[in-house]
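Novice: Sequence:
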Amino acid sequence: MMGRTHYTLGILYYLLFCMIPIFTMVKFSSLKEIVIGILAASIGAVFPDADSDHSLINNKNPIFRTSNRVVNHYKQLLKKIFAIVFFGIPATFMAFYMYYYKNYSVVLMIFTFILIILSIKGAAVGEKIYIPIFTEGLRAINSGAARAKKIFMMIVYLSAGITCIYLSKGSVDGIIWGLIFIIIAIFPHRTFLHSPEGIILATIGVKYLEKRIMFANISTAFFIGYFSHLYLADIFTSSGVPISTIPLILRKTKLHSKFKRYKTYMIVYTILNKKLSIPLIKTGSKWGSVLEGIYVFVLFILLFSLIINNKGFT
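Residue numbers (the working numbering): 256 to 569.
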């Protein structure tokens, strides 16, 4: 689902859990605690996408927002230069040809005019209409820009992780957050952070943070938001969520090739390697956006009805 949908669902589910008496684990003593809880839930709701360079949580980060703006600027500049070179050089040769041979035929003049226009607006045209070689060049530029964003994001998170561990001086919370940042840097999207291991490790990290700032229920709110992202949202997409990232780790460390000859191992591996998915929504599609909107609206109505019925906060 889209980042804004996750953000909204995290807050709505958190408030719903707060208002349903059965969830006695969420209690409040002040409006300030409710507001901070909403903030923690919203962060938890978008945190699983921290390993994606174009996610809401990273786009709102001033470091990545600035770097993305720089990359996008030079990407557009490179596209314009590419269009000028690709179409401008043939247009120049044709102009010289007409001038040198005094051949001002209508066809040549129209063709030259079209090339001149394409040298100015070619980037926009080439991304909508396939032009051999040129469109492929534009795609290569887009791919390179995306790779640059990803590499920068990896460097930032990896540096943050190493710094946390170095400055932790052996403290558990510093090591945990260091590991979280390193995992964000090296694991692909929709793997570790979208797994039970991810939600457990991140919630433990927030729990330690909660103790440091001495403010109760932040980890609970964060967990609700995180849980809603995985098992109340992404599970309804075609991509689904992994049962575990252990199979991925086993493959990357080459341990899978050593253990796969054991029958019991393969049974466990096969189960853990599956994804939980009820494919109702395709993220980014028009119909998917409609379903996401309906989902949010239904939750909002449910929350509103609880307020009207004076259920209140537990």
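Mixed in with the good hints there might be a few duds.
What the hints assert, rightly or not - Taking lysine-lysine and the DSS-like style, the derived pairs with C-alpha atoms no more than 30 Å apart in a straight line are:
hint : residue 1 : residue 2
1    : LYS518    : LYS530
2    : LYS405    : LYS315
3    : LYS287    : LYS315
4    : LYS315    : LYS466
5    : LYS518    : LYS405
If you are wondering where the hints come from, they were derived from the structure by calculation, not from laboratory data.
Novice: Honestly, which of those hints from before does the structure not fit?
Specialist: 5
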